[in-house]
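What follows is the residue order along each chain.
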Amino acid sequence: MPRKSYRQAINEALRQEMRRDPNVIILGEDVAGGQGASGEAGGVGGVFGVTGGLYKEFGPERVLDTPISESAIIGAASGAAVTGMRPVAEIMFVDFVGVCFDQIYNQAAKFRYMFGGKAKTPMVIRTMIGAGFRAGAQHSQTLHPLFTMVPGLKVVMPSNAYDAKGLMIQAIRDDDPVVFMESKVLYDTEGEVPDEAYRIPFGEARVAREGRDLTFVAFGPMVPRALAVAEALAKDGVSVEVIDPRTTSPLDEDAILESVEKTGRLVVIDESPPRCSMASDIAGLVSDKGFKFLKAPIKAVTCPHTPVPFAPNLEDEFLPNPRRIEAAARAVLAS
Amino acid sequence: MQLSREDLKRAYERMFTIRAFEERVDKEFALGNIPGFAHVYLGQEAAGVGVCFDLTDDDYIGSTHRGHGHCIAKGCDVKGMMLEIMGKAGGLCGGKGGSMHIADMTKGMLGANAIVGGSPPIAVGAALTQKLKKTGRVAVAFSGDGASNQGTTFEALNMAVVLGAPAIFAFENNGYGEHTAASYAVGAPSIAERARSFGMPAEVVDGSDFFAVREAMGRALERGRAGEGPYALEIVCSRFLGHFVGDPQAYRLPEELAQARANDPLPRFRKGVTETGLLEDADLDAIEAQVLALIEEAVAAGLAAPQPALSTLEQDVYVRY
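Chains L and W are the protein sequences, given in the same order. Start counting the first sequence at 1; every next residue gets the next number (the working numbering). Start counting the second sequence at 1; every next residue gets the next number (the working numbering).
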């Protein structure tokens, strides 16, 4: 099977869906790039190159460069979606949702319910997440809990290239608004990705590694970290199961509960501050529905309750790193 | 463009339906038959009807918190609206939306909107669909003078110009954003001038004159249907009552309120069409009687209708979850 990067996988999904369905359009800042400049338009393809080449194939009517106006980007996408298009809107860095959140949570997410089930808003919001780029407090966050708590939104966090393609195709064909969170640190990671189009249903977790002694639940960029620690612990004879929920809304509760039933121990690893987070959400879920399975208290490995720091050593310490994940695992195993 | 007798009757029927509907909402609200908040459109009838008069069901409008008049002007079912406002089963949105969220996709009505400045970006998207699908249709964003101060509106105005979207920005300047005068809160000399500075044609129009509004809208429509881009109207009108039903309006002098009533668009329309012999008073009286009966029926249906079934609480959050 061909190997492709996470970035290429997303690009391929967009390209194939645009070829399949003329209603699929892309809009955002510099998704083509170079409009109105002295040189040729279309050569940028997004700040990290994810939409590269699409303008050349599909032209300015389907790959629309917008002004730096996030509210108008999301509003235009939702207004186009309820009137028959399938827009893929880009909010470059997830940190920028602060200037357009009304259009996401008050408008697009609520149309269907407020209008008595008579509206359909099939749109995707692509956005980049994650620290580790020394980009400071306003270009480094991972804000999936903000979206996950909004009824009406679906939230996707691919952790590898194969999933990125299948989840993006599902997101575009889905009839509800989907927030698709792309991990900057994963863009260059490669995996086996089929050439043909395929869908990965939402709400179906992946068992990234099977194990007996302890369950890790990890999201997006934390999945490879969790797997690396699981690998290291295996050398000490500890068998760790790693669950990658792939979507935080809907959430595959059964997969998490089944794993905890098997292992009796749970560590949640998530790149976000600890309060009102996926870590607290999953700890709450397992306390409620899986308490009898637990042999030890649940541990969370998250970021501290701080903005993302700039200095490289501080940022590295901010992220759930292998040392902290392993310490949590050993603490849970010891109790 | 000359209007036929039937057109004129339709215009009056729509305006009087708004008048009668809103007066009844005011009354039913006071009686406790309408939960929550209600913002009525009394005094602005000629604006909504003038803008929507030549639109089809395939043209779209986005509305405001003061949206009942826009719904009626766009052809929404009055009984379905009354049930919705009363929070009853059978309402246009099944009782899930209420006064500030009435929508009807089959009429191209993209929703009243309780967020000031919420509609303009959405209307740009609806207009973008028309451009990309080459339908020749347009999308109208109704906004008040208050929404003309929101950043979302500025973004939408610019985006519509940049994308060449057939969006029509209908700013109803009724003089007040909530309880603060537009003369205080709108920094620009006029909203039309502000819109023009974004790069689109814009004009100021007398919002108590149905004919003036319709003609101005005709210019906007011509441009939109021809694919030439957005247009803005500043429709100067009067809000007879307060921001919300029950607002005592202590901040407005009695003379100002009397002046607002003196510009009432309905008698003005009646005078215009009867003096020129286009319609008789009897024609208009007959319309009024018909409309009042319809509103009576809608209220009776609303009062009699059951509340939404509790089983609908968790329905329609998603198409599929």
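Hints listed in this document are in silico derivations from the structure and should not be mistaken for laboratory results. As the structure is a computational prediction, the values presented were derived from the model and not from experiment. Heads up, the beta-carbon is just placed ideally off N, CA and C, and yes, glycines get one too. Among the hints, erroneous ones may be present.
Stated by the list, open to error - Here are the simulated distance ranges between beta carbons:
1. Pro67(L) with Gly227(W): 18 to 24 Å
2. Pro151(L) with Glu228(W): 37 to 43 Å
3. Tyr321(W) with Ala41(L): 38 to 44 Å
4. Ala185(W) with Asn106(L): 21 to 27 Å
5. Glu23(W) with Asp175(L): 54 to 60 Å
6. Ala41(L) with Gly246(W): 52 to 58 Å
7. Arg20(L) with Arg219(W): 39 to 45 Å
8. Gln307(W) with Met149(L): 25 to 31 Å
9. Arg324(L) with Gln307(W): 49 to 55 Å
10. Asn106(L) with Gly277(W): 49 to 55 Å
11. Arg199(L) with Arg219(W): 25 to 31 Å
12. Pro151(L) with Lys133(W): 28 to 34 Å
Stated by the list, open to error - Covered by chain L, per the in silico footprint, the following chain W stretches (three or more residues, Cβ under 8 Å):
13. 91-101
14. 127-137
15. 145-157
16. 305-318
Claimed, not checked - The calculated lysine-lysine pairs, modelled on BS3-like cross-linking and capped at a C-alpha distance of 27 Å, are:
17. Lys289(L) with Lys235(L)
18. Lys134(W) with Lys88(W)
19. Lys292(L) with Lys262(L)
20. Lys88(W) with Lys120(L)
21. Lys133(W) with Lys118(L)
22. Lys134(W) with Lys56(L)
23. Lys120(L) with Lys134(W)
24. Lys88(W) with Lys118(L)
25. Lys133(W) with Lys56(L)
26. Lys133(W) with Lys120(L)
27. Lys118(L) with Lys9(W)
28. Lys120(L) with Lys79(W)
29. Lys262(L) with Lys289(L)
30. Lys88(W) with Lys27(W)
31. Lys118(L) with Lys271(W)
32. Lys295(L) with Lys262(L)
Each hint tested on the structure:
1. Pro67(L) with Gly227(W): 18 to 24 Å: Roughly 20 Å apart at Cβ, these two residues keep to the hinted range, so it holds.
2. Pro151(L) with Glu228(W): 37 to 43 Å: holds (40 Å)
3. Tyr321(W) with Ala41(L): 38 to 44 Å: holds (39 Å)
4. Ala185(W) with Asn106(L): 21 to 27 Å: Once the Cβ atoms are compared, 22 Å apart, the range 21 to 27 Å for Asn106(L) and Ala185(W) holds.
5. Glu23(W) with Asp175(L): 54 to 60 Å: violated (40 Å)
6. Ala41(L) with Gly246(W): 52 to 58 Å: Given a distance of about 55 Å, which is inside 52 to 58 Å, the answer is holds.
7. Arg20(L) with Arg219(W): 39 to 45 Å: holds (40 Å)
8. Gln307(W) with Met149(L): 25 to 31 Å: holds (28 Å)
9. Arg324(L) with Gln307(W): 49 to 55 Å: holds (52 Å)
10. Asn106(L) with Gly277(W): 49 to 55 Å: Given about 50 Å between the Cβ atoms, the range holds.
11. Arg199(L) with Arg219(W): 25 to 31 Å: Check failed, 48 Å falls outside 25 to 31 Å.
12. Pro151(L) with Lys133(W): 28 to 34 Å: This hint holds: roughly 30 Å between Cβ atoms.
13. 91-101: As far as the stretch 91-101 of chain W goes, the hint holds, because 8 residues have Cβ atoms under 8 Å from chain L.
14. 127-137: Per the Cβ count (6), the hint holds.
15. 145-157: holds (count 4)
16. 305-318: holds (count 4)
17. Lys289(L) with Lys235(L): violated (32 Å)
18. Lys134(W) with Lys88(W): violated (39 Å)
19. Lys292(L) with Lys262(L): Cα-Cα ~12 Å, so holds.
20. Lys88(W) with Lys120(L): This hinted pair holds, its Cα atoms lying about 22 Å apart.
21. Lys133(W) with Lys118(L): Status holds; Cα separation ~22 Å.
22. Lys134(W) with Lys56(L): Judged against 27 Å, a Cα distance of about 22 Å means the pair holds.
23. Lys120(L) with Lys134(W): The hint holds at about 21 Å.
24. Lys88(W) with Lys118(L): holds (16 Å)
25. Lys133(W) with Lys56(L): Distance of about 20 Å is within 27 Å: holds.
26. Lys133(W) with Lys120(L): holds (18 Å)
27. Lys118(L) with Lys9(W): violated (31 Å)
28. Lys120(L) with Lys79(W): holds (24 Å)
29. Lys262(L) with Lys289(L): holds (14 Å)
30. Lys88(W) with Lys27(W): holds (18 Å)
31. Lys118(L) with Lys271(W): violated (41 Å)
32. Lys295(L) with Lys262(L): holds (11 Å)
Hints 5, 11, 17, 18, 27, 31 from the earlier list are contradicted by this structure; the remaining hints agree with it.
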